[in-house]
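Participant: Protein chains in written order, with my numbering: chain A, 1 to 214; chain B, 1 to 103.
Accuracy of the hints is not assured; some may be wrong.
[To be verified] Chain A regions said to be covered by chain B (calculated; three or more residues, Cβ under 8 Å):
1. 37 to 50
2. 58 to 70
[Stated by the list, open to error] A short list of chain A residues far from chain B (calculated; beta carbon distances all over 12 Å):
3. Thr22
4. Leu34
5. Arg93
6. Ile126
Think of the hints as simulated: they come from the structure by calculation, not from any bench. Ideal placement from N, C-alpha and C gives every residue a C-beta, glycine not left out.
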Amino acid sequence: MSAVVAVEQQYDDPVQQREAATLGMWVFLATEILFFGVLFASYTICRVLHPIGFAIASRRTDMPLGTIETAVLLTSSSLIALAVRAIKLDNRRLATWLLTGTAALGVSFLVMHGFEYFHEYREHLIPGIDFMQSGPQAPAIELFFCLYYFITGFHSLHVFIGVSVILVLALRVARGSFGPQRHTTLELTALYWHLVDIVWIFVYPLIYLIGRSG
Amino acid sequence: MSRSRGPEHIVPVHRFLWVLAALLALLAISAGSALLKLGAWNPIINLAVSVTKTLLVMAVFMHETEARQLTRLVSALGFIWLSMLIGLALADFLTRSPLPPPW
Chain A
1 MSAVVAVEQQ YDDPVQQREA ATLGMWVFLA TEILFFGVLF ASYTICRVLH
51 PIGFAIASRR TDMPLGTIET AVLLTSSSLI ALAVRAIKLD NRRLATWLLT
101 GTAALGVSFL VMHGFEYFHE YREHLIPGID FMQSGPQAPA IELFFCLYYF
151 ITGFHSLHVF IGVSVILVLA LRVARGSFGP QRHTTLELTA LYWHLVDIVW
201 IFVYPLIYLI GRSG
Chain B
1 MSRSRGPEHI VPVHRFLWVL AALLALLAIS AGSALLKLGA WNPIINLAVS
51 VTKTLLVMAV FMHETEARQL TRLVSALGFI WLSMLIGLAL ADFLTRSPLP
101 PPW
């Protein structure tokens, strides 16, 4: 059974309908860029004001784990791109597996991040809950970790939402809800997942890589 | 308004795999360069690598190369607004100088 797309009356054809949906998704993604952008802007200003404190704080984060997390997200992005390609070629079985793989990588990202948070909790690096650092740079370190939790926390929330949606879509693909003519939902979810990946592409050097050479 | 009405373009698998390989190589470059003492070049290299990675993801994974001009324009807008936000905020903070009281 091949899923057939219904064209709403305001559109000429399925192609125009799909293009409008893609455009709308990009408008939403622009708001997402600005949502994280405010945090990145705060980070930039605080780092300009406290370069040494930020370098010291960044060295307290787990760079090997952060690097693995980045590789995991980049790989998951390629898997979901391949899933969209598979559904365009009507290979539903492959698409289901690729989506499940994407979600699994997303879950592994969240688990690794959980370990990071736990490690930081044990090191007394959670401002407002358990923060015990001394020295002249302690306020700057506290500021860094505040931004760290806001940025990575909201990012992890986005990963969690992405994983949930992708799992539902994997189920729907397996049931035959999508096909070569009907895959807009899948494509838009893939766009969202790629954007979550792009946010992390910038989080990685800003959080984990400063002050590593000194 | 002209729009292509042909069958959807299918990107060959090897292009996705090459992009993934390039992304992982770029990740290795940013991680490796961060361990070298390059001074001001450390953040510059890191930022350049991130921008390159983003362009790769957008061009191939997000199908921007096949998208309409309007879609491309809108997809660039978020980044343009963000660069204005950060650029103008920095223009303020980097040019602040202490004003001594006149008395």
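Participant: Next step is simple, just say for each hint if it's right about the structure.
Facilitator: Hint check:
Look at the stretch 37 to 50 of chain A against chain B: 8 of its residues bring a Cβ nearer than 8 Å to a Cβ of that chain, three or more, so the hint holds. Here the stretch 58 to 70 of chain A counts 3 residues with a CB under 8 Å from a CB of chain B, which clears the bar of 3, and the coverage holds. The Cβ of A:Thr22 sits about 6 Å from the closest Cβ of chain B, inside the 12 Å cut-off, so the non-interface label is violated. Remark: the non-interface label on A:Leu34 conflicts with the geometry, its nearest Cβ contact in chain B lying 6 Å away (cut-off 12 Å).
No beta-carbon of chain B is positioned within 12 Å of the beta-carbon of A:Arg93; the least distance is around 16 Å. Every beta carbon of chain B lies more than 12 Å from that of A:Ile126, the smallest distance being close to 25 Å; the non-interface claim holds.
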